[in-house]
Amino acid sequence: MPDHSPSGAGRPGIIHDLGYRRFDGVREGSGAIARTLFATGLRHAYGLGRSGKSKVMPFLLLAMSLLPAAIVVGVVVLTGLDELPVSYADYTNQTQLLVSLFAAAQAPVLFSRDLRHRSIVLYLARPLGATALALVRWLSLTVAVFVFTAVPTAVLFAGAMLAGLDKSDQATSMLKAVTLQVLLAMLVAGLSGLISSVSLRRGFAVVGSVMALIVLTGVVTVMQNIAYFEGDSEAVSTGVGLVSPWSLYTGLANAWDAGIETPVPVDGAWVPAYVIVAALIAAGCLLGLVARFRKVGSL
Amino acid sequence: MNAGMMNGTIAKLALQALLGRRRFYLLLAFPTLLVGLVALVTALVDGDAAFSVLPNLGYPLVLPLVAILAASSVLGPEVDDGSIVYLLSKPVNRYGVAFSKWLVALAATLVTGALPIFVAGLVTGHTTRSTALLVAAAVAGTAYSALFVAISAVTRHAVIASLMFVLIWEGLLGNLFTGVAWLSIGQWGLRVGHEVSDYLPDVVDLPYAVVASLLVTVVAVWFAGDRLRSFSLRGED
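Just so you know, the protein sequences line up as chains A and B, in that order. Residue numbering for the first sequence follows our numbering, starting at 1 and increasing by one per position. Residue numbering for the second sequence follows our numbering, starting at 1001 and increasing by one per position.
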């Protein structure tokens, strides 16, 4: 029996050496924690390292967004077209429903579960603070969404190269699309992450994200078309596009000549306005996420 | 399926789950958004342009989303946190549980989905077309809410599964392949509404649309009850 009597004046406390093996490897700092957390988050967004059932949804959506790309490549190769029937940036735009659903479905995995079960407190017991935790989570989802859009782009590009299309044209168009996809992923991940961290029930988080990503975009598209074709107001048509992440994406792709048509071309002072609003939305979502993690993380 | 299946207490609890807390505001946001948008476009442009919002946005998107939200509110949280076992440990007919919950989801879908579409239509000044859409939305809303309650009883991922049915099957594929209309609740509703106004499309046969809607509703509610009868609780995945 160990001696439980308090260590008083004549009894200095002793740490007994019980003979356990000591850790003498490299002690890594918070950088390593952040990297591991990021990689785990990215894997979890695709259901890797989780149960078999949680892999179904992300990979089903990914397969659905890859199928048209494979068909397009097949058509280009077989019929010998000299350009892709759809631009890289426009392909992402055409499959926006799948991208939005992926973000809406997987954001709760990264943002709701820790907060709902309060396991965030355990994370915060480690050196990484609430701010860093929120940023790393956001980065995981951003990269996950980006990968979701980049994989079909890579398939299209590989097909275009195999079919012998003009290399420099295709590379330019592809790189433009990839840059825009990074911006899009930041916006989509920020919005769906913020919604999932506020609404902790998975179902309501998903409906909230769908509202912000799909319903809002539908409203914006309708407004843009009505403003241009019925109301003859180009300024309103372009201005409404500032509201939703997808219309920001299409607007910037149009301004940058990346192969997407908008009801009214985005040019002049609208271009910096689109860039600034996109940056503000991304930054606002990040600030919101950090504030939310700080509030929930504090005991 | 008759009035005897209705369990007042369970319906009351489902209603409380629906109206309680923040989800009520989410449920209320859709009709507010829809009527506000249509009123705004009517004021700024004209009624014809505003009415086009309804068949393009209100009927195919807002109505099913409201139905999903209502159906998952009455059953989803209980399945999600496992508290449904307390309900299921009571000697209550499981079909009665499913039926009562579906009735509440149906009422919510009609009040916050079908009615706002009608009101928004009246704002634009097209009375006949609005009535047609109301009929269509009532038919589709009935089948939608039953189907989504059934999905909620089967899987924890009910919201995403229901969304994929509405957005990808009825929306994306429905626009590409006309044959999807035969298996699309939205199109069945529109076909019934077509009887009121020719403005709505008539892709499928009327008897088929009516029978299919009825069949989906009855089978889905029965299936939800059957699932609850052999319900097994699984851990978070």
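Be aware that a few hints might be false.
[Claimed, not checked] Dumping the calculated SDA-like pairs for lysine to any residue here, alpha-carbon to alpha-carbon at most 25 Å: (1) A/Lys295 <-> B/Tyr1025; (2) A/Lys55 <-> A/Arg35; (3) A/Lys53 <-> B/Pro1077; (4) B/Lys1012 <-> B/Ala1039; (5) A/Lys55 <-> B/Phe1165; (6) A/Lys167 <-> A/Val86; (7) A/Lys53 <-> B/Asp1081.
[Stated by the list, open to error] Computed footprint of chain A on chain B, listed as stretches where at least three residues anywhere in the stretch have a Cβ under 8 Å from a Cβ of chain A: (8) 1052-1059; (9) 1086-1093; (10) 1124-1130; (11) 1178-1191; (12) 1202-1214.
Worth flagging that the hints you see were computed from the coordinates, not collected in a lab. Note that the Cβ used here is the ideal one computed from N, Cα and C, for glycine as well.
The hints, checked one at a time:
{"no.": "1", "hint": "A/Lys295 <-> B/Tyr1025", "result": "holds (23 Å)"}
{"no.": "2", "hint": "A/Lys55 <-> A/Arg35", "result": "holds (22 Å)"}
{"no.": "3", "hint": "A/Lys53 <-> B/Pro1077", "result": "holds (20 Å)"}
{"no.": "4", "hint": "B/Lys1012 <-> B/Ala1039", "result": "violated (34 Å)"}
{"no.": "5", "hint": "A/Lys55 <-> B/Phe1165", "result": "holds (19 Å)"}
{"no.": "6", "hint": "A/Lys167 <-> A/Val86", "result": "holds (16 Å)"}
{"no.": "7", "hint": "A/Lys53 <-> B/Asp1081", "result": "holds (18 Å)"}
{"no.": "8", "hint": "1052-1059", "result": "holds (count 4)"}
{"no.": "9", "hint": "1086-1093", "result": "violated (count 0)"}
{"no.": "10", "hint": "1124-1130", "result": "violated (count 0)"}
{"no.": "11", "hint": "1178-1191", "result": "violated (count 0)"}
{"no.": "12", "hint": "1202-1214", "result": "violated (count 0)"}
Violated hints for the displayed structure, listed by number in ascending order: 4, 9, 10, 11 and 12.
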